[in-house]
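Colleague: Note that the protein sequences, when read in sequence, are chains P and D.
Heads up: the first sequence begins at 1 in our numbering, then just goes up one per residue.
Heads up: the second sequence begins at 192 in our numbering, then just goes up one per residue.
Everything labelled a hint here was simulated from the structure, so no lab data went into it.
All values reported here derive from a predicted model rather than from experimental measurement.
Hints may contain errors.
What the hints assert, rightly or not - Each computed DSS-like pair below joins lysine-lysine, with the alpha-carbon atoms no more than 27 angstroms apart:
(1) P:LYS191 - P:LYS68
(2) P:LYS6 - D:LYS256
(3) P:LYS6 - P:LYS147
(4) P:LYS191 - P:LYS83
(5) P:LYS6 - D:LYS311
(6) D:LYS251 - P:LYS6
(7) P:LYS177 - P:LYS47
To be verified - Rough simulated footprint, nothing fancy, chain P against chain D, three-plus residues with beta-carbon under 8 angstroms:
(8) 254-268
(9) 274-282
From the three backbone atoms N, C-alpha and C, an ideal C-beta is built for every residue, glycine too.
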Amino acid sequence: MREIIKMLVVLTAICAVSGFTLALVHSVTKEPIEYAMLKNVKEPAVKAVLTGFENDPVKDRIVIDVGKDKKGKPVELIVFPAKKGGKTYAVAFESSAGGYHGDIGVMVGMDVDKKALSGISIVSHTETPGLGARIIEPAFTDSFKGKPIDKELGVGDINALSGATLSTKGVVAAVNKAQGLFDKYQSQMVK
Amino acid sequence: MSLTKEFTKGLWEIIPPFRLVLGLCPVLAVTTSAENGMGMGLATTFVLVCSNLLVSLLRKIIPSKVRIAAYIVIIASFVVIVELTMQAYVFPLYQALGIFIPLIVVNCIILGRAEAFAGKNGPLASIADGLGVGLGFTISLTVLGAFRELLGNGTIWGANLMWESFEPFTFMVRAPGAFVGLGVMLALINFISVKLDQRKRRA
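Construct the entire structure; sequences and hints are all you get.
Modeller: Right, dumping it as structure tokens:
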């Protein structure tokens, strides 16, 4: 009996100490991990759509609460601002819309001064290889550059892909959605 | 045995994974480049030294019936600490090593040293043992990684070392190349130690 109690006490104590230590380490590393994730996963896309910034867009990121999803969890929009001389001149953030097969994630860069798109980059997609997957090619994404951000885009405004109408429409819808978000939260994005 | 002896035995006498043929899974999986091998080796060394120290300090408190469970909790805690730290500060390496970081928990070398050494010896000797075996493991992984990287990619530590028309054996950085590389190194080490033995006997 004594032995069993000793085993219980020792194991419980070891587990408790270990749990406490891990909670401590977690709370210390939480912030750097989030930064490292965004830096390595999102930054390449941000760099593809924004140019000429002097700041670290990942470090200066702005998190905006944009309502709740179906389960009641808050949805966060992470905005990457591009600054020159301390002034935000462009922002980039992710938007998504349904393509031919699943959602297409698009990083949209917007030039605030020129009120024009500075570029888009496809972050994630599951479109058909050889057809819809051509949305990642510069020939397609570059055609969004310089389009106005206060006017909704149509398929005719850009270099639409033949044979991939739904994929094209998906990207256009994602960009239009980003315009809507920009319109609504502009004051929070550009400070 | 002296502390130096405890330390140096890990570097040759029982150098893992060639003499102490344990922990082969990460050895085969992550040694696609010298850098990955070294990162894995250092992460394992850290866990090994910390777990050896703690196991040795607690060896008289932990009842022998639940010792394995206690060792695993101790080892797993250090592995999570390593994992979180790597994720926060050396993300590219963390991504390259992937699932093999959490799998350090089940690396036989660590549990093996806890059971065979730290559970029976004092804290100082256990640290020396952990450092020795861990460094031995790191050296092995780095050398094996460099060997495979050189043949499979023509580079070491990312620097191009081969002549221009060199066609890399991509085979060497794939899974089968791991077995071939490990086999060649095992043969080499056995060959050297047989020669050393012969010389000792002759003298």
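Colleague: Each hint needs a verdict: does it hold in this structure or not?
Modeller: Here is how each hint holds up against the structure:
no.: 1; hint: P:LYS191 - P:LYS68; result: 24 angstroms, holds
no.: 2; hint: P:LYS6 - D:LYS256; result: 11 angstroms, holds
no.: 3; hint: P:LYS6 - P:LYS147; result: 73 angstroms, violated
no.: 4; hint: P:LYS191 - P:LYS83; result: 10 angstroms, holds
no.: 5; hint: P:LYS6 - D:LYS311; result: 20 angstroms, holds
no.: 6; hint: D:LYS251 - P:LYS6; result: 12 angstroms, holds
no.: 7; hint: P:LYS177 - P:LYS47; result: 21 angstroms, holds
no.: 8; hint: 254-268; result: holds (count 9)
no.: 9; hint: 274-282; result: holds (count 6)
Consistency with the previously given hints fails for number 3 only.
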